[in-house]
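Asker: So you can see what is in the structure, the chains are spelled out below.
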Amino acid sequence: MDNDRAEPGGAGGFIELDGVEKVFEVRRRTGFLKRERRRVRAVDGLSFTVARGEMVGYIGPNGAGKSTTIKMLTGILTPSGGRLRVAGIDPARERTRLAHRIGVVFGQRTTLWWDLPLIDSYRLMHRMYRIPDARYRENLDRCVELLQLEALLDVPVRQLSLGQRMRGDIAAALLHDPDVLYLDEPTIGLDVVSKAKVRGFLRELNAERGTTVLLTTHDLQDIEQLCSRVMVIDHGRLMYDGPLAGLHEAGESERTLVVDLERELPPIEAPEPARVVRVEGPRQWLAFPASASAAGLVAGIAARYPLVDLSVREPDIEAVIAKIYAERASA
Amino acid sequence: MVDAADAAEVTAGRVERGGRVAEGLRAYRLIVAMWIRSTMAYRTSFVLTTLGNFATTALDFVAILLMFSRVDALGGYALGEVAFLYGLTSVSFGLADLAIGSMDRLGRRVRDGTLDTLLVRPAPVLAQVAADRFGLRRLGRVTQGALVLGYALATVDIDWTPAKLLLMPVMLVSGAGIFGAVFVAAAAFQFVAQDASEVSNAFTYGGTTLLQYPPTVFARELVRGVTFVVPLAFVNWLPASHVLERPYPLDLPAWVAFAPPAVAVACCALAGLAWRAGLRSYRSTGS
Numbered sequence: 001m002d003n004d005r006a007e008p009g010g011a012g013g014f015i016e017l018d019g020v021e022k023v024f025e026v027r028r029r030t031g032f033l034k035r036e037r038r039r040v041r042a043v044d045g046l047s048f049t050v051a052r053g054e055m056v057g058y059i060g061p062n063g064a065g066k067s068t069t070i071k072m073l074t075g076i077l078t079p080s081g082g083r084l085r086v087a088g089i090d091p092a093r094e095r096t097r098l099a100h101r102i103g104v105v106f107g108q109r110t111t112l113w114w115d116l117p118l119i120d121s122y123r124l125m126h127r128m129y130r131i132p133d134a135r136y137r138e139n140l141d142r143c144v145e146l147l148q149l150e151a152l153l154d155v156p157v158r159q160l161s162l163g164q165r166m167r168g169d170i171a172a173a174l175l176h177d178p179d180v181l182y183l184d185e186p187t188i189g190l191d192v193v194s195k196a197k198v199r200g201f202l203r204e205l206n207a208e209r210g211t212t213v214l215l216t217t218h219d220l221q222d223i224e225q226l227c228s229r230v231m232v233i234d235h236g237r238l239m240y241d242g243p244l245a246g247l248h249e250a251g252e253s254e255r256t257l258v259v260d261l262e263r264e265l266p267p268i269e270a271p272e273p274a275r276v277v278r279v280e281g282p283r284q285w286l287a288f289p290a291s292a293s294a295a296g297l298v299a300g301i302a303a304r305y306p307l308v309d310l311s312v313r314e315p316d317i318e319a320v321i322a323k324i325y326a327e328r329a330s331a
Numbered sequence: 001m002v003d004a005a006d007a008a009e010v011t012a013g014r015v016e017r018g019g020r021v022a023e024g025l026r027a028y029r030l031i032v033a034m035w036i037r038s039t040m041a042y043r044t045s046f047v048l049t050t051l052g053n054f055a056t057t058a059l060d061f062v063a064i065l066l067m068f069s070r071v072d073a074l075g076g077y078a079l080g081e082v083a084f085l086y087g088l089t090s091v092s093f094g095l096a097d098l099a100i101g102s103m104d105r106l107g108r109r110v111r112d113g114t115l116d117t118l119l120v121r122p123a124p125v126l127a128q129v130a131a132d133r134f135g136l137r138r139l140g141r142v143t144q145g146a147l148v149l150g151y152a153l154a155t156v157d158i159d160w161t162p163a164k165l166l167l168m169p170v171m172l173v174s175g176a177g178i179f180g181a182v183f184v185a186a187a188a189f190q191f192v193a194q195d196a197s198e199v200s201n202a203f204t205y206g207g208t209t210l211l212q213y214p215p216t217v218f219a220r221e222l223v224r225g226v227t228f229v230v231p232l233a234f235v236n237w238l239p240a241s242h243v244l245e246r247p248y249p250l251d252l253p254a255w256v257a258f259a260p261p262a263v264a265v266a267c268c269a270l271a272g273l274a275w276r277a278g279l280r281s282y283r284s285t286g287s
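Protein chains in written order, with UniProt numbering: chain R, 1 to 331; chain V, 1 to 287.
Derived by calculation from the structure, the hints in this document are not laboratory data.
Hints should not be assumed to be uniformly reliable.
Have a look at the derived ranges for each label pair, beta carbon to beta carbon [claimed, not checked]:
1. V/I36 - R/L162: 45 to 53 Å
2. V/L66 - R/N62: 57 to 65 Å
3. V/A163 - R/V26: 52 to 60 Å
4. R/H235 - V/R105: 28 to 36 Å
5. V/Q194 - R/G88: 51 to 59 Å
6. V/A22 - R/E138: 24 to 32 Å
7. V/A22 - R/E314: 33 to 41 Å
8. R/E249 - V/S45: 44 to 52 Å
9. V/V192 - R/E208: 27 to 35 Å
Some but not every residue of chain V turned toward chain R, in silico, with C-beta under 7 Å [said to hold, decoys possible]:
10. A41
11. T117
12. A219
13. R220
14. E221
15. V223
16. L279
17. S281
18. R283
19. S284
Every residue gets a Cβ at the ideal spot worked out from N, C-alpha and C, and that includes glycine.
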């Protein structure tokens with residue numbers, strides 16, 4: 001169990017997990033009728049606390065246990081073990097009571113009504129959640145303004161673009177004033193402008209309403225721009241819990257400089273600590289620490305090699321996590 | 001779309017734990033209203049599919065008419081009497097199908113993960129799934145069944161008694177309840193086997209086709225199964241035996257004609273338990 005990162009529960013904890021486990025029995029078809037049973041620990045002794053009003057990025061590779069955790073936090077799945085509380089409620093036991101306190105946005109599964117104008121979906125939320133009229137109007141007006149939905153309210157959802165629909169989904173999840181908002185890949189597939197709108201809105205929501213936000217993402221920029229805290233999960237365990245900057249240190253993450261030379265050349269003799277990791281024709285890839293400056297490195301190479309083009313790639317979350325994981329495994 | 005009842009509920013504050021049945025019915029009503037609006041977004045398509053639904057079920061009865069152009073009786077039942085059985089089961093089944101017939105899509109929702117979006121709503125999942133894809137076009141089947149039943153009542157010379165009169169609405173409602181229970185139980189099974197919608201069709205659509213014919217044309221074992229295992233015989237065969245004053249299948253005692261309400265309640269209770277078990281299994285295993 002990974003208890004050392006758990007803050008003392010109680011007063012500050014709005015979301016509390018203590019040694020939460022989820023074990024699945026996976027049946028795999030191995031022949032026409034034969035099936036193999038295997039027990040998989042999707043979440044393995046997870047403990048953490050999120051205070052009210054925090055904005056936390058919850059990241060990890062596919063199959064790490066992210067979705068399973070979110071599903072347990074929303075009451076969809078029942079944990080196999082451990083203790084879990086959201087706003088003092090046990091999600092598995094009191095699913096419908098919890099539903100009034102939480103908002104959920106599944107990035108790739110819209111909850112909006114496909115053939116109906118956007119506003120109709122909101123009216124359903126109004127009645128299903130029994131939102132008092134004044135409250136509903138106020139929240140709707142606010143979402144419409146900040147998410148720029150005015151022109152979209154009377155448009156059937158099927159005609160909305162992906163970005164518009166995502167904004168519509170986020171509004172739908174907030175009309176009942178949830179204390180906590182779960183977002184599963186809120187910016188996946190969105191263009192740059194839509195991403196900026198979504199992020200701006202979430203920042204404001206968190207700042208003004210104090211809504212606790214837990215978001216899973218593959219997009220490092222989501223985290224950089226939104227979250228003061230990151231939790232990394234892999235193989236159902238918490239690998240890292242802290243600020244994003246610390247994550248780069250923990251993973252000693254590296255940026256990549258891609259240079260196109262005039263012709264094929266032997267690997268560049270780059271100044272320390274940069275090193276060539278890959279050569280393909282006239283193109284070479286150099287890895288260097290995220291903390292080091294790219295400018296000096298580029299200048300050094302340009303002075304000695306015939307440079308045609310270059311680009312710098314930021315480290316992605318998968319790479320950082322892979323490094324953390326590799327280090328843990330070898331330690 | 002805000003009606004007075006809801007406005008009153010809102011001013012009365014949040015009903016955190018109203019009766020679950022009332023909550024379910026409320027959610028059901030809300031979602032059904034949304035589906036009707038969705039359907040009306042494509043009015044022409046709605047009219048055409050309803051007519052199509054009516055026409056295909058109507059053809060179904062034409063097959064029986066054709067049969068009777070060759071024979072005078074089927075298992076000892078005249079055309080009017082077969083129409084009576086046919087009309088009863090079609091209306092009962094049609095009502096259940098109209099109300100919750102799309103539940104067999106549950107397996108698909110489990111597979112593609114959209115069931116999760118229902119589980120984060122403050123309403124019973126059963127009500128949400130039951131209302132899913134509500135299709136008014138299914139009124140076509142009910143209408144056709146009612147017409148055949150009307151024809152039967154006009155042609156068959158029934159010696160009406162108060163008990164027989166009372167039995168008519170009781171039969172239809174209980175029958176709808178029994179078919180409804182089969183729909184729910186079959187959906188619950190899909191939590192475990194997601195591609196089992198064909199199994200449920202065998203009992204629902206298959207069941208109603210069976211009941212359209214007199215019990216006397218079937219083997220004893222089949223009639224026994226339909227009476228004691230999946231008690232579809234209570235939808236029309238047994239109560240209709242009383243109305244038509246026919247010998248009871250399997251030499252059952254006369255009172256079974258009045259058992260349908262009790263059987264329907266028992267079936268619904270069992271289906272409810274099956275649903276809870278299915279949902280619990282889903283929530284402990286995921287998809």
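Asker: Does each hint hold? Answer for all of them.
Answerer: Hints, verified against the model:
no.	hint	in the structure
1	V/I36 - R/L162: 45 to 53 Å	violated (28 Å)
2	V/L66 - R/N62: 57 to 65 Å	holds (59 Å)
3	V/A163 - R/V26: 52 to 60 Å	holds (57 Å)
4	R/H235 - V/R105: 28 to 36 Å	holds (35 Å)
5	V/Q194 - R/G88: 51 to 59 Å	violated (35 Å)
6	V/A22 - R/E138: 24 to 32 Å	holds (28 Å)
7	V/A22 - R/E314: 33 to 41 Å	violated (54 Å)
8	R/E249 - V/S45: 44 to 52 Å	violated (60 Å)
9	V/V192 - R/E208: 27 to 35 Å	violated (46 Å)
10	A41	holds (5 Å)
11	T117	holds (5 Å)
12	A219	violated (30 Å)
13	R220	violated (33 Å)
14	E221	violated (28 Å)
15	V223	violated (33 Å)
16	L279	violated (10 Å)
17	S281	violated (10 Å)
18	R283	holds (5 Å)
19	S284	holds (5 Å)
Comparing the model with each earlier hint shows violations of hints 1, 5, 7, 8, 9, 12, 13, 14, 15, 16 and 17; every other hint is respected.
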